[in-house]
Structure formats: structure tokens, C-alpha cells
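**Student:** Chain by chain, the residues run as shown.
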Amino acid sequence: MFKRNEMEKGVESLLFISAVAAVLALFLLCLFLFRDGILLFKDYPLTGFLTEKSWYPTSLDPRFGLQPLLFGSILVTVGAIFFAVPLGIAAAIYISELASPRVAGILKPLTEILAGIPSVVFGFFGLVVLVPVIQEALDLSTGQTALTGSVMLGVMALPTIISISEDAISSVPRSIKEGSLALGSTRWQTIHKVTVPAALSGISAAVMLGIGRAIGETMTVMMVTGNTAIIPGFPSGLFEPVRTMTATIALEMGEVPQGSEHFHALFAVGSVLFITTFIINIAAGHIKNRYRFRL
Amino acid sequence: MTDDFANGTEIEVRGLNLWYGTNHALHDISIDIPKNSVTAFIGPSGCGKSTFLRCLNRMNDLIPNCRIEGNVNINGEDIYSKGVDVVDLRKKVGMVFQKPNPFPMSIHDNVAYGPRIHGAPRKEIEGIVEYALRSGALWDEVSGRLNTSALDLSGGQQQRLCIARTLAVKPEVILFDEPCSALDPISTSKIEDLILELKKQYTIVIVTHNMQQAARISDYTAFFLLGDLIEFGRTEQIFESPQRKETEDYITGRFG
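Which chain is which? The protein sequence lines are A and B, in order. FYI, in the working numbering the residues of the first sequence are 1 to 295. FYI, in the working numbering the residues of the second sequence are 1 to 256.
Quick caveat, the hints were computed from the structure, so don't treat them as lab data. Treat the hints with care, since some could be wrong.
Across the chosen pairs, the derived CB separations fall in these ranges [stated by the list, open to error]: (1) A:Pro173 <-> B:Glu77: 30 to 36 Å; (2) B:Ser181 <-> A:Val120: 53 to 59 Å; (3) A:Ala22 <-> B:Pro121: 57 to 63 Å; (4) B:Pro121 <-> A:Ile106: 43 to 49 Å.
Sample of chain B residues lacking proximity to chain A, with all beta carbon distances greater than 10 Å (derived) [as the list claims (entries may be wrong)]: (5) Ile31; (6) Glu69; (7) Lys82; (8) Gln243; (9) Ile251.
Taking lysine-lysine and the DSS-like style, the derived pairs with C-alpha atoms no more than 27 Å apart in a straight line are [said to hold, decoys possible]: (10) A:Lys108 <-> A:Lys193; (11) A:Lys193 <-> B:Lys123; (12) B:Lys170 <-> B:Lys190; (13) B:Lys170 <-> A:Lys193; (14) B:Lys190 <-> B:Lys200; (15) B:Lys170 <-> B:Lys123; (16) A:Lys193 <-> B:Lys99; (17) A:Lys193 <-> B:Lys92; (18) B:Lys92 <-> B:Lys200.
By construction, the Cβ of each residue, glycine as well, lies at the ideal position given by its N, Cα and C atoms.
Start from the sequences and build out the full structure, keeping to the hints where you can.
**Tutor:** Next comes the structure, spelled out in C-alpha cells:
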């Protein structure tokens with residue numbers, strides 16, 4: 001029979017091993033990604049990777065310019081943010097502050113169902129429905145544009161933004177809202193001067209997680225953005241096809257010989273993607289700490 | 001009730017009934033609350049004294065399924081009549097809550113919040129903030145750190161900040177809903193001194209669990225029991241020669 005002490009120690013070391021295994025897996029993943037990525041620069045200069053304006057991986061004189069892909073990702077993501085953040089926060093405010101309990105009880109689970117739809121289904125919907133709509137409405141030569149990708153990504157980021165912002169807003173104590181109302185402020189003044197500012201750290205976390213979801217999304221953008229690797233202009237690039245970093249890796253990885261220059265170039269792109277999301281996460285942490293008046 | 005108050009009547013309630021859904025929580029309350037004096041509502045938990053207090057600035061409007069009948073006249077105006085703007089009413093009738101509830105902002109912005117939403121000119125804000133903090137007996141403690149978070153203050157300071165925040169809107173009436181129940185004795189006595197000071201300019205209604213507190217600071221006392229107003233009169237009379245048996249039982253500590 002186990003002595004109680006040994007049992008405690010056993011559980012403790014089991015948990016320790018699990019934690020170490022998770023961190024180790026992550027560490028190995030980074031190592032693997034960066035190692036294969038760095039190998040590109042044996043044959044191809046880093047400056048070329050960063051400054052070259054085109055991505056021609058399979059021509060006789062291959063070019064591995066990051067810029068078209070990086071700016072493609074940034075454009076699609078920024079577009080998604082502009083679309084999803086105001087809408088998501090507005091929806092969260094409505095659900096937590098204005099809707100009757102019955103309506104909120106219907107809306108909240110519905111937005112969460114949205115989060116469970118696989119991205120390929122979103123992509124299919126985008127391709128079949130949104131692409132022709134955008135093409136006709138804006139009179140473009142193709143509806144597969146950065147804008148289409150932004151709208152789709154925005155819709156996909158919405159459940160994250162709504163659900164986490166809603167939690168943050170509803171956890172603002174009722175007593176604070178009553179304090180504001182008792183001073184003679186209207187419901188709207190209370191929402192935008194007291195409730196939302198008090199929930200700001202939670203809301204910004206929601207936005208950051210939404211962005212993280214958008215920038216890493218692959219299948220949907222691949223299906224609706226046309227995948228043309230040219231540096232997009234702004235804002236004109238919104239109405240033209242673009243190619244993101246994620247789509248590039250997914251499209252090309254299946255066809256490259258292992259160990260080739262192109263293979264390593266894709267890993268280098270993957271490393272950049274990793275670094276980008278890493279920076280976003282760090283930024284999210286800093287933004288959260290910037291609000292001095294936390295509850 | 002006769003109108004024999006020295007300073008006149010501020011609030012006149014006639015036949016007020018309140019239901020939460022089917023629960024009839026206040027029964028036919030009629031009371032006159034005098035100007036520039038302290039009126040205390042006492043009674044055991046659940047007797048309706050806080051509910052009644054919240055009828056006076058229509059905070060019960062926020063509760064779904066709450067239905068109110070009867071008249072509440074403040075300075076001659078029926079606050080439940082159709083044309084009444086709740087915002088104007090709450091500007092006139094301020095409220096301090098049971099637990100200090102400062103906003104998660106700086107001390108300065110907490111006090112400036114009310115004047116700002118009511119459109120006070122920018123130039124006047126600083127003056128109002130200082131006036132309110134002085135009247136709230138907090139100025140000397142915080143004047144050097146107005147831009148620090150209000151949440152770093154002690155509980156007693158937070159409650160005085162909430163009082164100052166209410167004063168900044170320049171109300172006529174201030175409702176206190178058990179303002180000291182979360183505070184230590186020293187903070188409590190500071191708040192009590194402050195209330196005695198404030199009654200010179202404001203009409204004060206205070207709900208309290210603490211009978212000594214009612215005896216110390218109030219001029220008039222109303223005793224509530226199970227949704228009925230049992231007895232109302234001068235505080236000395238209520239405590240020394242209550243007319244009703246229930247009042248006497250409660251005051252002498254036989255129940256509650």
C-alpha cells in the first residue's frame with residue numbers, strides 16, 4: 001500500500017513530467033522549424049529573402065522574396081481586424097448589457113457554434129457565395145481578393161472576440177454600473193464611460209486572440225484569396241488577389257523535394273510566421289498590463 | 001402625518017406598493033421626509049427598507065418584473081409620472097451604496113465623472129472636484145495624489161470618495177444604503193461625522209442595520225417590518241417611547 005507521502009510525490013512528479021513534456025515538444029518544434037529555415041541562407045542570402053520583391057520558387061533562377069507573402073498576410077489580417085473588432089465588441093456589448101436574458105441566452109450559444117465550424121467549410125462558403133458577390137458588387141475581374149479573405153477571416157474571428165469580450169464585460173461588477181446610473185448617467189454613458197473601460201483588458205485580450213486566429217488561418221484564405229504572390233498596394237490591394245504566408249506553405253509543401261532550397265525557404269517563411277504570432281502574444285501581454293486601473 | 005418639520009418637507013410618499021413579480025414587497029407606504037435633516041430607516045433584514053430607499057431615486061427601474069404603484073413627490077413633483085426624466089431625478093437624488101463602489105479610474109476622474117456627463121464646462125471641473133473632495137472630508141488625504149487609482153484607497157476612503165462623487169453632481173437629497181456596513185469603526189465614525197455635516201445643506205435618508213447609528217445621527221426614524229412602515233417619528237420618541245409593540249420589541253432587541 002502507498003504511504004500518503006509517496007502518493008503526493010508520485011502525483012507531483014507525474015504533473016511535472018507532463019509540464020516538461022509539453023514545453024519540450026514546443027521547444028523541439030521551434031528548433032526544427034528554425035534549423036530547417038536557417039539552412040536556406042547557406043545558398044540564398046538573408047538580405048535577398050528580406051528585400052527581394054518576388055516569390056518565384058520554381059523558376060530557373062529562383063527568387064524567395066518574403067515581402068509579397070508577408071504583406072499579403074498583413075493586409076488580409078488588418079482587413080479582418082477592421083471588420084471583426086468593431087462588430088465583435090458591439091455584439092458583446094449588446095449580448096451582455098442590452099439584450100433581454102432570453103435573447104442573450106439564444107445569441108451567445110449561437111456565436112459559439114460559429115466557432116466550431118471547420119475552416120474548410122468557411123472556405124467553401126466563401127468560394128461559392130462571397131466570391132461571386134464581391135466580384136459583381138465591386139465590378140472586379142475576380143472576386144478572389146484580399147477583401148474576400150478579410151471578410152471570411154473576420155467572420156471566423158468573431159466568435160472568439162464576442163465570447164471573450166462578453167465574459168469581460170459581464171464580469172464588471174453590477175455595483176459599479178449602479179454607481180454610474182445613480183449619478184444620473186444614461187445607460188449608454190454607463191456602457192461606454194464605465195463598463196467598457198473597466199473591461200478593457202479582457203476586451204484587448206479577446207482582440208489579440210482574434211488576430212492570432214486570423215493570421216494563422218490557412219485553409220479559408222487559400223480558398224478565397226486567389227493566391228497571387230505579388231506585393232499588394234494599399235488600399236487598392238484589397239481588391240486584388242493576394243497570397244498569405246500560410247497559404248504558400250500549404251500550397252507548396254506537398255510538391256517540394258525534401259532538403260531542397262525551396263523546402264528550406266518554406267521553413268523560413270514558417271519561422272517568420274512563428275515570430276509574428278510570438279510578437280503578437282507578447283504585445284497582448286503588454287497591452288493588458290498598460291491599464292492601470294484594473295479591478 | 002402632520003407637516004410639523006422645521007425646514008419643510010422634501011419627499012412625500014403616498015400609498016406606495018411594490019411587487020417583485022408576485023411578491024408584494026412593500027405595502028401601502030406613506031411617509032413625509034423632512035428637508036435638511038437625517039431620516040433613518042431601520043428594521044430587520046428583508047423588511048423592505050432598502051427596497052423603499054431605492055424607490056426614491058427609481059433604482060428599482062433596473063430590476064425586471066418590479067412593479068410600483070403610488071405617489072412619490074419630491075419637491076412637489078411626482079417622480080413616477082410619465083414625463084419624468086430619470087436622469088434628472090438621479091441628479092437631484094444621489095445615492096451612496098452599501099459597499100464602496102468607486103469606478104476603476106483615478107480619484108480625480110471618479111469625482112469628475114458626474115459633472116462631466118452632465119456637461120459641466122471643462123474650466124469648472126477642477127473647482128468642483130476640489131469642492132466635492134473637501135465636502136467629502138477626503139481632500140487632505142488625497143490632494144497630492146489625485147491621479148492615482150481610486151482602487152488603491154482604503155475601504156473608508158473609498159466610501160468617502162463615493163460620497164464626494166455624489167456631492168459633485170450637486171444633489172438635493174442623498175440616499176445612503178447602509179453606507180458603513182463594510183467599514184471599520186474608525187471609518188464609520190468619520191462617515192457619521194460627515195453625514196451630520198452634510199445635513200446642513202442636503203436632505204439625508206439613511207438605511208442602517210445599526211440602531212446605535214440611527215440613534216446617533218438621525219433626527220427622524222422610520223421602522224419597517226415585513227414590508228410595512230410600522231412607525232415613524234422623531235428619533236428620540238421612537239427610541240424612548242415607541243407607540244407600537246413591534247417597534248419596542250425590535251429596539252429592545254427582542255428580535256431582529
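**Student:** Examine each Cβ of chain A, and state whether all of them lie more than 10 Å from the Cβ of Gln243 of chain B.
**Tutor:** holds, 34 Å
**Student:** Beyond 10 Å from every chain A Cβ: check whether that's true for Glu69 of chain B.
**Tutor:** holds, 23 Å
**Student:** Is Lys108 of chain A close enough to Lys193 of chain A, meaning Cα to Cα at most 27 Å?
**Tutor:** Roughly 24 Å between the alpha carbons, so the hint for Lys108 of chain A and Lys193 of chain A holds.
**Student:** Measuring Cβ to Cβ, find out whether Lys82 of chain B lies farther than 10 Å from everything in chain A.
**Tutor:** Consistent with the label, Lys82 of chain B stays out of reach of chain A, its closest Cβ about 18 Å off (over 10 Å).
**Student:** Using the beta carbons of Ser181 of chain B and Val120 of chain A, state whether their distance is inside 53 to 59 Å or not.
**Tutor:** holds, 58 Å
**Student:** Take the C-alpha atoms of Lys193 of chain A and Lys92 of chain B, compute the straight-line distance between them, and say whether it is at most 27 Å.
**Tutor:** holds, 21 Å
**Student:** In this structure, is the beta-carbon distance linking Pro121 of chain B and Ile106 of chain A contained in 43 to 49 Å?
**Tutor:** Holds, at about 45 Å.
**Student:** Is the hinted range of 30 to 36 Å satisfied by the C-beta distance from Pro173 of chain A to Glu77 of chain B?
**Tutor:** Taking Cβ atoms as reference, Pro173 of chain A and Glu77 of chain B lie about 32 Å apart, which means the hint holds.
**Student:** Would the pair Lys170 of chain B and Lys190 of chain B pass a check requiring their Cα atoms to be no farther apart than 27 Å?
**Tutor:** holds, 21 Å
**Student:** Cβ-Cβ distance between Ala22 of chain A and Pro121 of chain B: within 57 to 63 Å?
**Tutor:** Between Ala22 of chain A and Pro121 of chain B, where Cβ atoms are some 58 Å apart, the hint holds.
**Student:** Given the hint that Lys170 of chain B pairs with Lys123 of chain B, test it: the Cα-Cα distance must not exceed 27 Å.
**Tutor:** holds, 17 Å
**Student:** Check the non-interface label on Ile31 of chain B: least C-beta distance to chain A beyond 10 Å or not.
**Tutor:** holds, 21 Å
Going through the hint list in order, the structure satisfies each hint without exception.
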